[in-house]
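**Q** Read off the chains here:
Protein chains: 2
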Amino acid sequence: MKRRVTLKDVADAVGVHLSTVSRALDPSSPHRVSSELAERIEQASRALGYRKSSAGYSLKTNSTRMIGVIIPDITDPAFPPIIRGIEDALARRGYVAIVANTDGDARRERDMAMMLRDRGVDGLLLASVEITDDPSREDWRDATPVVTVNRQVFGSDVPSVIADEAAGMDAIVTHLVALGHRNIAAIAGPQHLSTGVLRQRGFLAACAALGIGGSPSVAVARGYREEEGERCTETLLATAPPFTALVCANDRLAVGAITALRRRGLECPDDVAVTGFNDMIMVDRLTPPLTTVRVPKHQMGARAADMIVDLIEGKPGLERSAMLPVDLVVRGSTARVRSTVG
Amino acid sequence: MKRRVTLKDVADAVGVHLSTVSRALDPSSPHRVSSELAERIEQASRALGYRKSSAGYSLKTNSTRMIGVIIPDITDPAFPPIIRGIEDALARRGYVAIVANTDGDARRERDMAMMLRDRGVDGLLLASVEITDDPSREDWRDATPVVTVNRQVFGSDVPSVIADEAAGMDAIVTHLVALGHRNIAAIAGPQHLSTGVLRQRGFLAACAALGIGGSPSVAVARGYREEEGERCTETLLATAPPFTALVCANDRLAVGAITALRRRGLECPDDVAVTGFNDMIMVDRLTPPLTTVRVPKHQMGARAADMIVDLIEGKPGLERSAMLPVDLVVRGSTARVRSTVG
DNA sequence: AAATTCCGTGCAAACGATTGCCACAGATCT
DNA sequence: AGATCTGTGGCAATCGTTTGCACGGAATTT
Numbered sequence: 001m002k003r004r005v006t007l008k009d010v011a012d013a014v015g016v017h018l019s020t021v022s023r024a025l026d027p028s029s030p031h032r033v034s035s036e037l038a039e040r041i042e043q044a045s046r047a048l049g050y051r052k053s054s055a056g057y058s059l060k061t062n063s064t065r066m067i068g069v070i071i072p073d074i075t076d077p078a079f080p081p082i083i084r085g086i087e088d089a090l091a092r093r094g095y096v097a098i099v100a101n102t103d104g105d106a107r108r109e110r111d112m113a114m115m116l117r118d119r120g121v122d123g124l125l126l127a128s129v130e131i132t133d134d135p136s137r138e139d140w141r142d143a144t145p146v147v148t149v150n151r152q153v154f155g156s157d158v159p160s161v162i163a164d165e166a167a168g169m170d171a172i173v174t175h176l177v178a179l180g181h182r183n184i185a186a187i188a189g190p191q192h193l194s195t196g197v198l199r200q201r202g203f204l205a206a207c208a209a210l211g212i213g214g215s216p217s218v219a220v221a222r223g224y225r226e227e228e229g230e231r232c233t234e235t236l237l238a239t240a241p242p243f244t245a246l247v248c249a250n251d252r253l254a255v256g257a258i259t260a261l262r263r264r265g266l267e268c269p270d271d272v273a274v275t276g277f278n279d280m281i282m283v284d285r286l287t288p289p290l291t292t293v294r295v296p297k298h299q300m301g302a303r304a305a306d307m308i309v310d311l312i313e314g315k316p317g318l319e320r321s322a323m324l325p326v327d328l329v330v331r332g333s334t335a336r337v338r339s340t341v342g
Numbered sequence: 001m002k003r004r005v006t007l008k009d010v011a012d013a014v015g016v017h018l019s020t021v022s023r024a025l026d027p028s029s030p031h032r033v034s035s036e037l038a039e040r041i042e043q044a045s046r047a048l049g050y051r052k053s054s055a056g057y058s059l060k061t062n063s064t065r066m067i068g069v070i071i072p073d074i075t076d077p078a079f080p081p082i083i084r085g086i087e088d089a090l091a092r093r094g095y096v097a098i099v100a101n102t103d104g105d106a107r108r109e110r111d112m113a114m115m116l117r118d119r120g121v122d123g124l125l126l127a128s129v130e131i132t133d134d135p136s137r138e139d140w141r142d143a144t145p146v147v148t149v150n151r152q153v154f155g156s157d158v159p160s161v162i163a164d165e166a167a168g169m170d171a172i173v174t175h176l177v178a179l180g181h182r183n184i185a186a187i188a189g190p191q192h193l194s195t196g197v198l199r200q201r202g203f204l205a206a207c208a209a210l211g212i213g214g215s216p217s218v219a220v221a222r223g224y225r226e227e228e229g230e231r232c233t234e235t236l237l238a239t240a241p242p243f244t245a246l247v248c249a250n251d252r253l254a255v256g257a258i259t260a261l262r263r264r265g266l267e268c269p270d271d272v273a274v275t276g277f278n279d280m281i282m283v284d285r286l287t288p289p290l291t292t293v294r295v296p297k298h299q300m301g302a303r304a305a306d307m308i309v310d311l312i313e314g315k316p317g318l319e320r321s322a323m324l325p326v327d328l329v330v331r332g333s334t335a336r337v338r339s340t341v342g
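Chains as they are written, first to last, in our numbering: chain A, 1 to 342; chain B, 1 to 342.
I should point out that these hints are in silico values taken from the structure, not numbers from a laboratory. Worth double-checking, as some hints may not be accurate.
Copies of the same chain look alike in the list, so a pair counts if it fits in one copy or across any two.
Straight-line Cα separation of at most 30 Å, DSSO-like style, residue types lysine-lysine; simulated pairs [unchecked claim]: (1) Lys60 - Lys8; (2) Lys8 - Lys315; (3) Lys315 - Lys2; (4) Lys52 - Lys8; (5) Lys2 - Lys52.
In this text, all values refer to a predicted model and were calculated from it rather than measured experimentally.
Start from the sequences, fold in the hints, and give me the full structure.
**A** Below, the structure written as C-alpha cells:
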C-alpha cells in the first residue's frame, strides 16, 4: 500500500518548496519559474510518477472539470451519437461527462440536476428539456452554466444547440412535391418538445409555401416511439382524407407508420411514401430504406460541449445559440406518386 | 455570489462543533449523537440548504464514488442498454459513471484508464477488453478494482459478467435443426473478443452434439459491422458448400448477411434462414424480423455495477464472476427448410 | 460508596492543491 | 552611487471533510 505521490514529495526530491513545483507544473501559471528549475522539476515529477490529485485541485479551485449531461434515455438511438459528440469535444478540452437518464420524468430531471450539482459539475448540458421549462428559475441556474442540446426552451435565454428543423421539413416536402405528391399527411411529434413543434411548424409552413391545398391532416404522437407511429397511422387511415405521402416527425414514428401501413395492406413506397427525421442508425437497412433528414448529431453534441466549456472558462466571442444545417437523404421509402390515383 | 454552506455554518447555527454536525449527518457514523441534537442539526442543515462538498469528502476519504466505464463506442447499439443498466445500478448505490470510448484502440484504452484513474475513480468497468489483455499487469490494477462486462479476458482472474454465449448458440442450432436445416454455415465474430470465440465454440459444439455432418463452414468477421456481414456472406456463397441456414455471431452481422443474400437474389428466410445474436434495438422491425438470442443487457450492466461496488465496499459473499442466462427469440428470419432442396 | 464503563461532544490534525504576499537577488535607471 | 524594477522562489492560509483522541459527567458495577 504505497502512499500517493504529492507535490511535497517531488518538492523534497528537487529541494524546493512545493508551491514552486505547483507553479512549474502549471503551464498557464502567472508566476514563472526558471526554465532550468522547471526542467528538473519536470523530470523528478515524472520519475516519481506524480499525478495531480483532482480532489485537492477541486477543493481549492472549486472546479471539477466535469459536465453533467441529462438526457431522457441513452437507450433511445437518437442520443448516443449526440453523447459521443459531447464526450469527444469535452475530452479534447480536459473535461468529462457524467450522464443521467430521466425517462422524460420532470421530477427525475430535477433530482438528477441536484445530484449533479452536489457533485460539483462545472456545467450542465440538457437534452431533456421541454419547451415550457424554465431552467433560469432553478436555484442552481445562477451557479451553474447551462446549455440545451437538440431541444430548446421557448422564450428563454438559455443557450441552445439545435438542428435546423424547419429547413429539414422544407426539404422533405419539396422532395415529395417534386415526386408528384399532393395529398400529404403528417405525424407530428410531442408538442411539449421543441423538436415536435418546430418540425410541425416547418412542415405546415412548407406545405403552405408550396401551395399544398387546404390544411394537411396531422396526427400528433404522444412520444417518439414506434407504437405511437402505428397508432397515429391507424388514426389517419381511419379519419383523414386519402393521402399518398406520410411525413413523420422522426424515424421511429416512421418505422411504426410503415408497420401499420403494411398491416393494412398498404405498401411503402408504392401506396404511400413515408419519411422520417434524424437518420438514426439502421434506418438505411430497413425495407424499404428510409428517406429522412440527417441531423449532425455528433457535431451537435460537440458544439454544445464546446459552448458550455467556453461559457465556463469565460471565452470571449461566444455566440448564444447555434442552429446546425441538415441534409435530406433520399432512400427507398419515397417514390413518385402512382399515376393511377384513387 | 453567495458562499457555499459548510459544516461550520450549520454548526454555528446550532451552536455545536462542526465535527458533531458531520457525525449527525452521517447515518453510518460509528460515533453517535443524541437524537434530540441530531434532529436540530438535521433541521438547521435543511434550513440553511447545506450540501456536502464532494471535493472535501473525496480529499479526506480518498473516495469519489465514481466508476470509470470503458467501452468501444457508445454509438454501437450493443452498448447503450448495458450502460443504462450500469448507470441505474450505480445510481441506486450513490455512484455515478464516467464513460470513455476507445473505438477498439488498445492505446486509447490505456490512455482512458489512466485519465480515469487520475480523476480518482473508485473502480473500472471494462467492456472493451480483448481476450489476451492482462489488466492485472497494469500499474493501476493493484489500486483500483476492475470488472469486465460483456467480454472477458481469458485465463485471468479479473471478475467478469457475461452472457451464456454457449447456451445461446445451442438454442439457435437446436431451433434450426428442428426446422429441418442440416446445412448450416456461420459467420463468426472477431476472434480477439471473447464473444467471438465463445459463440463460435458454442456453435461448433452444438453442431457436433446435434450430429450436423462434417465441419460446418464458417467465415470469420473482422469486426461486428454490417459490411463485414456482407463480406463474409459473399465469401461463404462463393466458397462454401450450399447451406440453408446462416448463423451469425451478432445482429449487425446478420443484417449485413441478409443484405448480401438479397443482392444475390436469395430471400430470407425462404432461401436461407438467418440468425443473429444480442437482440439489439430495431431488429424486430426489420424485414424479416430477426430471429436472435436475447441477452439481458440491462441486467448485465447492473450486475457488473453491483459487483464492482461490492468489491469496492468490501461486501462479503461476492462471487467472482457471473454468467447470465439468455433466451432464444424466434421471429421471421428463420423458417422450415424448403422441402425442395437443390 | 468507590471504581469502572459509557455516552455525547469538542479539538485538532490530516487530505493535496492553489495563490497572494513577501523577500531577496541582480539588473536597470537616474 | 543610490533607488527602483524584475524575475524567482518560499511561506502560509485556505478549500470542506472525516476521524482518532481527550474529556467530563452520568450510569452502571462491585
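**Q** Against this structure, judge whether each hint is valid.
**A** Hints and how they fare:
no.: 1; hint: Lys60 - Lys8; in the structure: both (16 Å within a copy, 17 Å between copies)
no.: 2; hint: Lys8 - Lys315; in the structure: neither (33 Å within a copy, 35 Å between copies)
no.: 3; hint: Lys315 - Lys2; in the structure: between (41 Å within a copy, 23 Å between copies)
no.: 4; hint: Lys52 - Lys8; in the structure: both (11 Å within a copy, 28 Å between copies)
no.: 5; hint: Lys2 - Lys52; in the structure: both (16 Å within a copy, 29 Å between copies)
Checked against the numbered hints given earlier, this structure breaks only hint 2.
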